[in-house]
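Just need the whole structure built from these sequences, with the hints factored in.
Mapping the sequence shown onto this note's numbering, position 151 (from 1) lands on 155, and the numbers just tick up by one.
These are computed hints drawn from the structure, not numbers from a lab. Among the hints, a few may not be true.
[What the hints assert, rightly or not] Derived DEER-like restraints, expressed as beta-carbon distance ranges: (1) E93 with I204: 28 to 36 Å; (2) F194 with Y104: 18 to 26 Å; (3) K223 with E158: 44 to 52 Å.
[Unchecked claim] Lysine to any residue pairs mimicking SDA-like chemistry, simulated, CA-CA at most 25 Å apart: (4) K163 with V198; (5) K224 with G176; (6) K224 with K163; (7) K224 with G178; (8) K223 with I177; (9) K118 with I177; (10) K118 with V210; (11) K224 with L136; (12) K118 with I86; (13) K118 with K163; (14) K224 with V198.
Ideal Cβ placement from N, Cα and C applies to all residues, glycine included.
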Amino acid sequence: MEVSRFRILFLSLLAVTVLPGCSLLGGRDDDRPEPLAPAANAEPLTGEPDQRPIIDPQVERREIRRSRIDTEDFELGGYVGIMSIEDFESNVVYGGRLAYHLTEDFFLEGTYGKSRAGRTSYENLAGQADLLNDDERDYSYYALSLGWNALPGEVFIGKNRAYNSAFYLVAGIGNTEFAGDDHFTVSGGFGYRVLPADWIAVHFDVRDHIFDSDLVGEKKIVNNLEAHLGLSIFF
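Structure (structure tokens):
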């Protein structure tokens, strides 16, 4: 009897211990959460990043109008001004110029001008004694010069208008015919050029014409200063 009781008790404890564990082992798959279904519009993962830009600006192409700038290198014009002939007062001077622009910085220029000498202080004091007759008072010159655009830039008129300009230096050689003689002449000076349009230019020039002369009784170097305004066109 005692053995049967112990056997029944042992089997009861075994059933209580083993059966709940079996139920737990068999129920793991039932308790596992179900995976979420992918969204209908979800893109498959390929392992590569999205190549689309974050910002996609819409830029419209604009038409650029290039300025119509004349490429002519020759310049032809005339000028008028005042010339001070040393010892012979000041008088009107006029002439013409032809230039060839070698580059944007340098140009060759040929000029021809005419003026007329006045009376000297000696002639005014002596009364009737004249050093020169009427024909000998004619003054003419020509020169071939090299110019340098030292300060190219722009000049502004008002708020909305700007014109190309340049301050330039010139130096050259030539000849002066005065008092019946020819004189080898060295000339130099400066000028300022403004272009109201791409085919026309306005000039202001100052020149000094230097040569040897013994007209008043002693040989000396004379300086004949000239200042003039000019107008020229490009072709």
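Unsatisfied constraints (hint numbers, rising): Of the numbered hints given earlier, those the structure breaks are 6, 13 and 14, listed in rising order.
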